[in-house]
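Chain H is already provided as a structure; the job is to place chain V with the ligands on it using the hints.
Sequence order for the protein chains is H and V. The first sequence begins at 316 in our numbering and counts up by one. The second sequence begins at 13 in our numbering and counts up by one.
To be clear, the hints were calculated from the coordinates, so they are not data collected in a lab. Even for Gly, the Cβ is constructed at its ideal location relative to N, Cα and C. One should not assume that every hint holds.
Said to hold, decoys possible - Just so you have them, the derived chain H footprint on chain V, three or more residues with Cβ under 8 Å: (1) 43-56; (2) 90-100; (3) 122-134; (4) 143-154; (5) 162-168.
What the hints assert, rightly or not - Quick list of the computed label-pair ranges, beta carbon to beta carbon: (6) ASP37/V x ARG363/H: 22 to 30 Å; (7) GLU76/V x VAL432/H: 46 to 54 Å; (8) ASP37/V x VAL432/H: 47 to 55 Å; (9) ALA23/V x PRO380/H: 40 to 48 Å.
Unchecked claim - Partner residues are not named here, just some residues of chain V that face chain H (Cβ under 10 Å, in silico): (10) PRO26; (11) MET63; (12) CYS66; (13) LEU105; (14) HIS106; (15) LEU108; (16) GLN119.
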Amino acid sequence: MITRLEGADKVTGRARYAADVRLPGLLHAHIVRSPYPHARIRHIDASRAERLPGVHAVLSSANSPSIPWHDASSLFDRTVRYIGDEVAAVAADSDELAADAARLIDVQYEALAFDLVGEAREPKAEARGDVARGLREADVVLEATYRTQTALHNALEPHGCTALWHGDQLTVYESTQGIFAVRDEVAEKLGLAAQNVRIITEHMGGGFGAKQIAWKHTVIAALLAQRTGRPVQLALDRASENLAAGNRNATEQRLRLGAKRDGTLSAIDARIRVEAGAYSVGGEDSDVIGTYLTLYRCANVRAEQRSLRTNAGPAVAFRAPGYAEGNFALESAIDELAARLGIDALELRLRNYATRDQREDKPYTAPESLRRCITRVAAACEWRHQRPGLGFAAHDWAAGGGWPPAEAEVEFAHGAARVIVGVQDVGTGSRTALAQLAAAELGIGVERVQVELGDTQPGLYGPTSAGSATLATLGPVVQEAARLAKKSGHARAQRGENPKGKSIRTCGAQAVELAVDRDTGEVTVKRVIAAHDCGRIVNPLLQSSQVIGGITQALGYALSEKRIVDARLGDVLNANLEEYKLPTVADIPEIVNASESMPDAEANATGVKGCGEPPIIPTAAAIANAIYSATGVRIRELPITREKLIR
Amino acid sequence: MPGAPFAIEGAMTPLRVNGEHVELDVEPRRTLLDALRADLGLTGAKKACDMGNCGACTVLLDGEAVYSCLVLAVDCVARAVTTIEGLGEGGKLHRLQEAFIAADAFQCGFCTPGQLMALAALFERVARPSDAQIMRALSGNLCRCGAYQHILRAARMARDR
Ligand code: FES
Ligand code: FES
Numbered sequence: 316m317i318t319r320l321e322g323a324d325k326v327t328g329r330a331r332y333a334a335d336v337r338l339p340g341l342l343h344a345h346i347v348r349s350p351y352p353h354a355r356i357r358h359i360d361a362s363r364a365e366r367l368p369g370v371h372a373v374l375s376s377a378n379s380p381s382i383p384w385h386d387a388s389s390l391f392d393r394t395v396r397y398i399g400d401e402v403a404a405v406a407a408d409s410d411e412l413a414a415d416a417a418r419l420i421d422v423q424y425e426a427l428a429f430d431l432v433g434e435a436r437e438p439k440a441e442a443r444g445d446v447a448r449g450l451r452e453a454d455v456v457l458e459a460t461y462r463t464q465t466a467l468h469n470a471l472e473p474h475g476c477t478a479l480w481h482g483d484q485l486t487v488y489e490s491t492q493g494i495f496a497v498r499d500e501v502a503e504k505l506g507l508a509a510q511n512v513r514i515i516t517e518h519m520g521g522g523f524g525a526k527q528i529a530w531k532h533t534v535i536a537a538l539l540a541q542r543t544g545r546p547v548q549l550a551l552d553r554a555s556e557n558l559a560a561g562n563r564n565a566t567e568q569r570l571r572l573g574a575k576r577d578g579t580l581s582a583i584d585a586r587i588r589v590e591a592g593a594y595s596v597g598g599e600d601s602d603v604i605g606t607y608l609t610l611y612r613c614a615n616v617r618a619e620q621r622s623l624r625t626n627a628g629p630a631v632a633f634r635a636p637g638y639a640e641g642n643f644a645l646e647s648a649i650d651e652l653a654a655r656l657g658i659d660a661l662e663l664r665l666r667n668y669a670t671r672d673q674r675e676d677k678p679y680t681a682p683e684s685l686r687r688c689i690t691r692v693a694a695a696c697e698w699r700h701q702r703p704g705l706g707f708a709a710h711d712w713a714a715g716g717g718w719p720p721a722e723a724e725v726e727f728a729h730g731a732a733r734v735i736v737g738v739q740d741v742g743t744g745s746r747t748a749l750a751q752l753a754a755a756e757l758g759i760g761v762e763r764v765q766v767e768l769g770d771t772q773p774g775l776y777g778p779t780s781a782g783s784a785t786l787a788t789l790g791p792v793v794q795e796a797a798r799l800a801k802k803s804g805h806a807r808a809q810r811g812e813n814p815k816g817k818s819i820r821t822c823g824a825q826a827v828e829l830a831v832d833r834d835t836g837e838v839t840v841k842r843v844i845a846a847h848d849c850g851r852i853v854n855p856l857l858q859s860s861q862v863i864g865g866i867t868q869a870l871g872y873a874l875s876e877k878r879i880v881d882a883r884l885g886d887v888l889n890a891n892l893e894e895y896k897l898p899t900v901a902d903i904p905e906i907v908n909a910s911e912s913m914p915d916a917e918a919n920a921t922g923v924k925g926c927g928e929p930p931i932i933p934t935a936a937a938i939a940n941a942i943y944s945a946t947g948v949r950i951r952e953l954p955i956t957r958e959k960l961i962r
Numbered sequence: 013m014p015g016a017p018f019a020i021e022g023a024m025t026p027l028r029v030n031g032e033h034v035e036l037d038v039e040p041r042r043t044l045l046d047a048l049r050a051d052l053g054l055t056g057a058k059k060a061c062d063m064g065n066c067g068a069c070t071v072l073l074d075g076e077a078v079y080s081c082l083v084l085a086v087d088c089v090a091r092a093v094t095t096i097e098g099l100g101e102g103g104k105l106h107r108l109q110e111a112f113i114a115a116d117a118f119q120c121g122f123c124t125p126g127q128l129m130a131l132a133a134l135f136e137r138v139a140r141p142s143d144a145q146i147m148r149a150l151s152g153n154l155c156r157c158g159a160y161q162h163i164l165r166a167a168r169m170a171r172d173r
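Chain H with its partners taken away, still in its complex shape:
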């Protein structure tokens, strides 16, 4: 069993995260945030803060460059659009002093009307066939509306960085899923050449999508470091993390599904609203319609989503963005449809799952892997139709196949290798899996391979850790570079194109066994059984970590997590880890990972696909379906709390 290369660093506290960097003269920074959901700033007086001994710089719209930011706003905009919007920042000798100084900055606001509901904007829509006819010709039509909540990423490590300058060279230790994305954006915002910005991510404490873009704090830290001539560390506190660092968008999904007696789907109609928050920050493009267009074979489909701009924190990608939300509704609805048709819920899925990508009109590289996942889960849970408390859901995910560009360099001498890549290991185990691929190619033990990553300096481009794509993107490149280096001792390789005429996706299935206390509404999840197609499994131990991790997060999404916003004030009432209910060790069921290695030879030369996102996708629907099977009560809104069950 091969364990994580950085295991010893992580269990001894040696692993260094962005806010663990210690440098002589280090200053600590705090951001002042808007207490209003919508307001104009009339005046900022920072003089009291500036006079405080130990305070080195204050930045606000009064004294800093107007750097254009998302939509038509700027770095410190004079209009604030949600509670938590950035207003000013302070750098001081200590964290405590920076917080003191932040409180001494006097900001006068003119409160403006705010909107927490939002106007629907132009839809993003896709259609094929004739939905009206598909519905007319259906023997059974299911019509239902499903809702999902705003969920908060709450990676245990808050967003943050340490920034320092050497002349006109900026170095930032950043907690990010995309060192190159941050490098390019920071360079652009500061008017620097990209090669004058170096981003380092040795280790990072979770991102789940919220760290796949560049946020304001990095540029703020860089500006403060520039102004003071000292290194500056800026880590968000937990409240800011919950207000201003992204969220999974809430949705409302109005569905109509039509089916023939034999279960053939004749129409899928989905009208979806998505709460986007105050800004389009990039990376929030949650493709809720995606799974409606691809999971099942259906000639007549219309799916549209409209986003709503509100005066609340901006949404950003959250592990399987769009698909976790869409799958809850679609897979709940398929279950409801199966009940109406009198067909076994699993059988209905097996009759309808798609073997080609209907969006792209191409066959999948592994058309039968979903069937394999479904049957593996069915066998592992001894699936029986209508067994009380047993629920099921299948899923697909548009990504996981990786894509160009990406580069890798391998040096090989005296039976040892050095692999250099420009990605970051966000906790998924990229370091270890890439080392294993290189070791296998070179015919040496994995302990003879050293992987260097998380640094833009070597100039080897690596992609953002998103779309479950890291291993499928870089695995083939590392393998190829290793193959070449075996002969020459030193080689570089580039990521080739994916096969043209085929579509690569990942998919899977899960079953949930649970019990519901009829008096209290308490749901006890006993077992979750999962099988996901992630191509060849390079490291079974690390793959199972992804599976249990995704399912554990999904339990929170299904049963307890929800951002609560006060409708009168626009404030987030549970912007902390006490009242925002994450799963704890006591909440987890037995998780059975029934995934098998299914090398996808057509996808790439390693046969590998990703597994980061898939496990979070089908759990919520499987739970809702199991609750229905246990109680006869159908809950169409997440999270499924006791109060909804008792009502």
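This is chain V with the ligands only, laid out in the frame that chain H set:
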């Protein structure tokens, strides 16, 4: 804290950290967590919530697991502080640390020092803790990566070794 010596403002605060005696010049309001991280450079304990909700900052204070973000440094005078950096002995990993690696009981690793110290306090007290005791010891430590199942496996491995 009956009997504990008083810390006087402006005076140095003597602490015993991982068996070593250190003198710190800290404000009375400085938490033990900030003193460890900022003044002593012991960054293994993490600041994730700074309000006692997550356990990432867990260290041992006289052998008990505490949230170091809820303890003032000046209240730790003459008490023994053990951090993750002081967990192994003589350059060797603690059996819990070895078990964490073997069971892949982490992903990002940010909660890991806290999880380990919470368990270390239990293992210090009870040589062969029950599953229920393990669960209780870990109940104040969040893991957003959702590694709990592997954390529990690691704790049992360390116990049964
Ligand atoms: S940082 Fe101390 S409990 Fe969270
Ligand atoms: S391993 Fe990431 S929070 Fe626990």
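Tested hints:
Only residues whose beta carbon comes within less than 8 Å of a beta carbon in chain H count, and the segment 43-56 of chain V has 7; three or more means the coverage holds. By the rule of at least three residues with a Cβ nearer than 8 Å to a Cβ of chain H, the coverage given for the segment 90-100 of chain V holds, with 5 such residues. With 5 residues having a beta carbon nearer than 8 Å to a beta carbon of chain H, the segment 122-134 of chain V meets the requirement of three or more and the stated coverage holds. For the segment 143-154 of chain V, the assignment as covered by chain H holds, since 5 residues bring a beta-carbon within under 8 Å of that chain's beta-carbons and 3 suffice.
For the segment 162-168 of chain V, the proposed coverage by chain H is satisfied: 3 residues have a C-beta within less than 8 Å of a C-beta in that chain, meeting the threshold of three. Roughly 26 Å separates the CB atoms of ASP37/V and ARG363/H, a value that falls within the hinted 22 to 30 Å. Checking the proposed 46 to 54 Å range against GLU76/V and VAL432/H shows it holds: the Cβ atoms sit about 49 Å from each other. Taken as a hint, the range 47 to 55 Å holds for the pair ASP37/V and VAL432/H, whose Cβ atoms sit roughly 53 Å apart.
Between ALA23/V and PRO380/H the C-beta distance comes to about 45 Å, which sits within the given range of 40 to 48 Å. Checking PRO26/V against chain H: minimum C-beta separation of about 21 Å lies over 10 Å; hint violated. Because the beta carbon of MET63/V sits about 7 Å from the nearest beta carbon in chain H, less than 10 Å, this interface hint is met. Below 10 Å, beta-carbon pairs count as interface contacts, and CYS66/V has one with chain H at about 5 Å; its hint therefore holds.
Interface restraint check: LEU105/V against chain H, minimum CB-CB distance 7 Å, threshold 10 Å, status holds. A cut of 10 Å between beta carbons decides the hint on HIS106/V: the least distance to chain H is about 8 Å, and the hint holds. Hint on LEU108/V holds. Least Cβ distance to chain H is approximately 8 Å, under the 10 Å limit. Proximity of GLN119/V to chain H holds as hinted, the smallest CB-CB distance being about 4 Å (cut-off 10 Å).
Comparing the model with each earlier hint shows a violation of hint 10 alone; every other hint is respected.
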